[in-house]
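Visitor: Residue strings, one per chain:
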Amino acid sequence: MEEIKEDIMAYLQNKSFMDSGTQLNDDDSLTMKGIIDSIGLIEFIDFICEKYSIEIPEELLTPENFDSISGIVNVIQKLTK
Amino acid sequence: MKIIDELNKDAEKNASQIRTFIEEKVKDFKKKGIVVGVSGGIDSAVILALAVQAVGKENVYGLILPETESASSSKELGARLCESLDVSYEEVPITPILQALDIYGKKDQIIKRTCLEYDPNIHKTSLVLPSLLENDMLTIPSISLVKDDEMVAKNRLKAKDYLELIGIQNVKQRSRMLIQYLYAEKNNYLVCGTTNKTEYLLGQFVKYGDGGVDIEPLSDCYKTQVYALADVLGIDKEIIERPPSADTWSSYTSDEDFFWRMPIHIMDQLLYSQEHDLPMEIIEENTELSEETINKAKRGIDKIKSASKYITSGPPICYLDK
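For the record, the sequence lines run as chains A and B. The first sequence maps to residues 1 to 81 in my numbering. The second sequence maps to residues 1 to 322 in my numbering.
It cannot be assumed that every hint is accurate.
Below, computed lysine to aspartate or glutamate pairings styled on EDC-like, alpha-carbon distance capped at 20 Å [said to hold, decoys possible]:
no., chain 1, residue 1, chain 2, residue 2
1, B, Lys298, B, Glu285
2, B, Lys112, A, Glu6
3, A, Lys15, A, Glu59
4, A, Lys15, B, Asp148
5, B, Lys154, A, Glu3
6, A, Lys33, B, Asp302
7, A, Lys51, A, Glu6
8, B, Lys303, A, Asp28
9, B, Lys154, B, Asp108
10, B, Lys160, A, Glu2
11, A, Lys33, A, Glu58
12, B, Lys154, A, Asp37
13, B, Lys13, B, Glu24
14, B, Lys32, B, Asp86
15, B, Lys303, A, Glu43
16, B, Lys303, B, Asp257
17, B, Lys296, A, Glu58
18, B, Lys160, A, Asp28
19, A, Lys15, B, Asp161
20, A, Lys15, A, Asp28
21, B, Lys296, A, Asp46
22, B, Lys305, A, Asp37
23, B, Lys158, A, Glu6
24, B, Lys30, B, Glu185
25, B, Lys124, B, Asp148
26, B, Lys303, B, Asp136
27, B, Lys296, A, Asp37
28, B, Lys296, B, Asp257
29, B, Lys2, B, Glu185
30, B, Lys154, A, Glu6
31, B, Lys158, A, Asp28
If you're looking for bench data, these hints aren't it; they were derived computationally from the structure.
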């Protein structure tokens, strides 16, 4: 779990609109904090699929699953089991 | 209050104001007339009719600009409209421009990468986004394959393919802009836009495509108000009843399905309520939607507005200290 979180944080720090000093908690909204926009979200999902060699079923593509670090980690864990 | 009644009232007055606007702008810009891209849709039909009333049919030129993937009804309805208003017009297909840039080939490659089963000889295609009202889904675009009017496949687009596809598709509207200016400048005419307020607020036009015009007479009229204008102008019922569409996909994709992602009367009521800062109970009463659904739709609208901010902005100018 910690490794997935580190991957995600590294991606967001390098590829999103997140400022270097931003403190991000696991349940913070990535869209409300302006870290991810609509195109950024599609890019982020591409990254997750490629990095973990997974396909994300359409029914899992919800804001609840992809708007926070904890939601994203849960989805990845579920699909890589 | 009834929002729809507010939007439907004063159509005659609105028509009069738009006619005056068109007439004044032609004079202000020292031009001799108006070029209108006639798509077979309601917005350009309303503009063409108002332009004829404003500056006279002899000073209006209609351009019908079809391409391979346009619905055949588009040019038929456009031609019928120009003839009914006795406006000079010409059909200038933009297909050769698109072929020269390999737009169709590039588009096919993206669709093939996304949907391995794609066969251009069998399937029509469309770009799909989830509804803003029904499910709480992320705005992730998909390509759908349609065979015999039935969707047979739907696959998610990758970001780089989606971005390339948007650029490819927008060449269509930008090619139309080139042709409109070719004719406008030859005749010393203005190019008249057809973007309505619903589209303007949502950034639902192509920057330097259908947004590349000299005047925008409809941009303070919600789509619902355009329908009211069409009624008072006596626009062809077939044009009024046709589902609005950018008409750039081989499978006819309506604006309700792709851009608004909800019925237009709901979208306009939500946009109107935002503009007038109406309380939730009024919005619930008018739209007959729950507070939860309204809030979900509003979040979706705010995201669309935020994503299209650069489309509705002109190029910012760096003003120097004096």
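Visitor: Is the straight-line distance between the alpha-carbon of lysine 158 of chain B and that of aspartate 28 of chain A 20 Å or less?
Guide: Outside the cut-off at roughly 25 Å; violated.
Visitor: Are lysine 296 of chain B and aspartate 46 of chain A close enough, with their CA atoms no more than 20 Å apart?
Guide: 25 Å, violated
Visitor: Would you check the hint for lysine 15 of chain A and aspartate 161 of chain B, treating anything up to 20 Å between C-alpha atoms as holding?
Guide: 18 Å, holds
Visitor: Is the hinted pair lysine 160 of chain B and glutamate 2 of chain A satisfied, with a Cα-Cα distance of at most 20 Å?
Guide: Outside the cut-off at roughly 29 Å; violated.
Visitor: CA of lysine 154 of chain B to CA of glutamate 3 of chain A, is that 20 Å or under?
Guide: Measuring from Cα to Cα gives roughly 33 Å; hence the hint is violated.
Visitor: Is the straight-line distance between the alpha-carbon of lysine 30 of chain B and that of glutamate 185 of chain B 20 Å or less?
Guide: Judged against 20 Å, a Cα distance of about 12 Å means the pair holds.
Visitor: Taking 20 Å as the top limit, are the C-alpha atoms of lysine 303 of chain B and aspartate 257 of chain B close enough?
Guide: 17 Å, holds
Visitor: Check the hint pairing lysine 33 of chain A with aspartate 302 of chain B against an upper bound of 20 Å on the C-alpha distance.
Guide: 14 Å, holds
Visitor: Straight-line Cα separation of lysine 15 of chain A and aspartate 148 of chain B no greater than 20 Å?
Guide: 42 Å, violated
Visitor: Going straight from one Cα to the other, do lysine 305 of chain B and aspartate 37 of chain A come out at no more than 20 Å?
Guide: 12 Å, holds
Visitor: Take a quick look at whether lysine 124 of chain B and aspartate 148 of chain B sit within 20 Å of each other, Cα to Cα.
Guide: Roughly 9 Å between the alpha carbons, so the hint for lysine 124 of chain B and aspartate 148 of chain B holds.
Visitor: Does glutamate 185 of chain B sit within 20 Å of lysine 2 of chain B, going by the straight-line distance between their CA atoms?
Guide: With Cα atoms ~45 Å apart, lysine 2 of chain B and glutamate 185 of chain B exceed 20 Å; violated.
Violated hints for the displayed structure, listed by number in ascending order: 2, 3, 4, 5, 10, 11, 12, 18, 21, 23, 29, 30 and 31.
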